[in-house]
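There are 2 protein chains.
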Amino acid sequence: MTDLMHKANFPQKDEVTIGLVQMSMGVDPKSNLEKAIKKIGDAASRGAQVICLPELFKSQYFCQEEDSENFKLAETIPGSTTDAISIAAKKGNTAVIAGIFEKRARGLYHNSAAVIDSSGKLVGVYRKMHIPDDPHYYEKFYFAPGDLGFKAFETEHGKLGTLICWDQWYPEAARLTSLLGAQILFYPTAIGWFPEEEESAKEMQSAWETIQRAHGIANGVFVAAVNRVGREGNINFWGSSFVSGPFGEMLAKASPDNEETLIVKCDLSSIDTTRHGWPFLRDRRIDAYKGITSRFLG
Amino acid sequence: MTDLMHKANFPQKDEVTIGLVQMSMGVDPKSNLEKAIKKIGDAASRGAQVICLPELFKSQYFCQEEDSENFKLAETIPGSTTDAISIAAKKGNTAVIAGIFEKRARGLYHNSAAVIDSSGKLVGVYRKMHIPDDPHYYEKFYFAPGDLGFKAFETEHGKLGTLICWDQWYPEAARLTSLLGAQILFYPTAIGWFPEEEESAKEMQSAWETIQRAHGIANGVFVAAVNRVGREGNINFWGSSFVSGPFGEMLAKASPDNEETLIVKCDLSSIDTTRHGWPFLRDRRIDAYKGITSRFLG
Numbered sequence: 334m335t336d337l338m339h340k341a342n343f344p345q346k347d348e349v350t351i352g353l354v355q356m357s358m359g360v361d362p363k364s365n366l367e368k369a370i371k372k373i374g375d376a377a378s379r380g381a382q383v384i385c386l387p388e389l390f391k392s393q394y395f396c397q398e399e400d401s402e403n404f405k406l407a408e409t410i411p412g413s414t415t416d417a418i419s420i421a422a423k424k425g426n427t428a429v430i431a432g433i434f435e436k437r438a439r440g441l442y443h444n445s446a447a448v449i450d451s452s453g454k455l456v457g458v459y460r461k462m463h464i465p466d467d468p469h470y471y472e473k474f475y476f477a478p479g480d481l482g483f484k485a486f487e488t489e490h491g492k493l494g495t496l497i498c499w500d501q502w503y504p505e506a507a508r509l510t511s512l513l514g515a516q517i518l519f520y521p522t523a524i525g526w527f528p529e530e531e532e533s534a535k536e537m538q539s540a541w542e543t544i545q546r547a548h549g550i551a552n553g554v555f556v557a558a559v560n561r562v563g564r565e566g567n568i569n570f571w572g573s574s575f576v577s578g579p580f581g582e583m584l585a586k587a588s589p590d591n592e593e594t595l596i597v598k599c600d601l602s603s604i605d606t607t608r609h610g611w612p613f614l615r616d617r618r619i620d621a622y623k624g625i626t627s628r629f630l631g
Numbered sequence: 334m335t336d337l338m339h340k341a342n343f344p345q346k347d348e349v350t351i352g353l354v355q356m357s358m359g360v361d362p363k364s365n366l367e368k369a370i371k372k373i374g375d376a377a378s379r380g381a382q383v384i385c386l387p388e389l390f391k392s393q394y395f396c397q398e399e400d401s402e403n404f405k406l407a408e409t410i411p412g413s414t415t416d417a418i419s420i421a422a423k424k425g426n427t428a429v430i431a432g433i434f435e436k437r438a439r440g441l442y443h444n445s446a447a448v449i450d451s452s453g454k455l456v457g458v459y460r461k462m463h464i465p466d467d468p469h470y471y472e473k474f475y476f477a478p479g480d481l482g483f484k485a486f487e488t489e490h491g492k493l494g495t496l497i498c499w500d501q502w503y504p505e506a507a508r509l510t511s512l513l514g515a516q517i518l519f520y521p522t523a524i525g526w527f528p529e530e531e532e533s534a535k536e537m538q539s540a541w542e543t544i545q546r547a548h549g550i551a552n553g554v555f556v557a558a559v560n561r562v563g564r565e566g567n568i569n570f571w572g573s574s575f576v577s578g579p580f581g582e583m584l585a586k587a588s589p590d591n592e593e594t595l596i597v598k599c600d601l602s603s604i605d606t607t608r609h610g611w612p613f614l615r616d617r618r619i620d621a622y623k624g625i626t627s628r629f630l631g
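In order, the protein sequence lines correspond to chains A and B.
The first sequence begins at 334 in our numbering and counts up by one.
The second sequence begins at 334 in our numbering and counts up by one.
No lab work stands behind these hints: they were computed from the structure.
As the structure is a computational prediction, the values presented were derived from the model and not from experiment.
Among the clues, some could well be false.
Identical copies go unnamed one by one, so any copy, or any two together, can satisfy a pair.
Here are the simulated lysine to any residue pairs, SDA-like style, with alpha carbons at most 20 Å apart [what the hints assert, rightly or not]: (1) Lys346 <-> Gly380; (2) Lys535 <-> Met583; (3) Lys436 <-> Ser401; (4) Lys405 <-> Leu441; (5) Lys623 <-> Gly482; (6) Lys371 <-> Lys423; (7) Lys623 <-> Leu513; (8) Lys586 <-> Arg379; (9) Lys598 <-> Gly374; (10) Lys535 <-> Trp611.
Given the sequences, and given the hints that come with them, work out the whole structure.
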């Protein structure tokens, strides 16, 4: 009931312009925040109504090693970073999704996305549900797995789904966020390749793009992947941020190696037309999916 | 226990050669069966150990209209068609997956796939779980939804997952079949475009390919999609049968308009190496996926 009353505050719009800030990060968090705020202003002036920053945008990707010193980079939500972004959001009259290294309690941290609306209000937080751990992506050392579940946030510019990086590889995450009503799935991201992977880098990028476009197709929603760019330590972050439409069609794509802000108009009514033509949600066998909550069935 | 004993009969092999029979269908079922049997023999002689025929291979795609007369095309499993295929399978020393219009009882029909091993034994049946209904794909008129759940069949050439056509669009189907231990997902298929869709045909094929390759990526398994080809009534079946590897890489692809049998060697040990590099199964949030069994959560 509360939810229905809340919805009534936001009549459904058919068009939203989104801004994807693909940026590089320096060693100084303060400078990264200043740069991000400038880019929010630029994107807003170009018409963006919802702006997404990359994962953990305020610092370099510290998970390349396991070092307790890095916990100093974390901060609360709300906190000084979300406060600064709130001001930028209000000033630009734009919603912002920002990847934050969240300090929840002493010794308890999350990889989170804060959602701030165009009035500057903190609408909510998503905590990354799937935490990777691979050589030089030692995230399990830093982040507790999210415990808020999957999320879609009602804003005046549509229902925004938030997922983070490693979540990209999980159809369940995209499905659940879409079932919550999300019309656009935002994926703040930090993904790249190591020098020794140069040969397979293209294949990795292709798989990364393919599976996210597929989430769009399966659910009939827009997908916005926002990656960082540039070399940090041993990783070449591959940029290539993109927006795909509800049948997986590529609407815009950034370069693999430059800072760039994509401004993309999304016609949300195309979600209806796509789902009419490809009514996947109608035919789901919800009576037969229980095994999805098992680790393995073989 | 029974399952474990069964497994013991089939030591895990690291290599299997699969054959995808992309064929066109005439109006005479008997001729289609004869053609399929000849193609099974050809594929076996080229080294195929598991051969997959298209969906409902014995007839033209009758679901283009709703006509009770078409129920006459259905047959039991086992029945004369699976008997004929069993003989061909044994003769060629090859397993066969065959799309059958199954008559289960008077007035009760399924769109099924029969799995026959290289000894000619009927290993089992999968009944299409997701039934489409779109203009000229009136499948809900003909087929009851499958009630056997998702399936992976143990054979001497690995654990074979069977899904059918519309199932292609459902990540849940691919996930559950993979969790059952399937190493290759076979999708016998009948998909095409109408003359009036010519402009969007390319985009449709692209989405069809993208989402299936994505199932391979998400699960670290091989995908084999086997489509029919040629014009029947109002539909141009687009062929383009393909095999992709466990990171979604395209291994082989047939033409959009010719009969063709793809023979593809699959290195099943690459499922290990891919899953080691991209350990998605390790990090699934099985505690948080319960909502998948809901129709909608918004």
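Evaluated hints:
1. Lys346 <-> Gly380: within (16 Å within a copy, 57 Å between copies)
2. Lys535 <-> Met583: both (17 Å within a copy, 13 Å between copies)
3. Lys436 <-> Ser401: within (13 Å within a copy, 65 Å between copies)
4. Lys405 <-> Leu441: Result: close within a single copy only, 12 Å intra versus 65 Å inter.
5. Lys623 <-> Gly482: both (18 Å within a copy, 11 Å between copies)
6. Lys371 <-> Lys423: within (13 Å within a copy, 70 Å between copies)
7. Lys623 <-> Leu513: both (18 Å within a copy, 13 Å between copies)
8. Lys586 <-> Arg379: within (17 Å within a copy, 43 Å between copies)
9. Lys598 <-> Gly374: within (17 Å within a copy, 54 Å between copies)
10. Lys535 <-> Trp611: So Lys535 and Trp611 pass the 20 Å test across copies only (15 Å; inside, 30 Å).
Hint compliance for this structure: no hint is broken.
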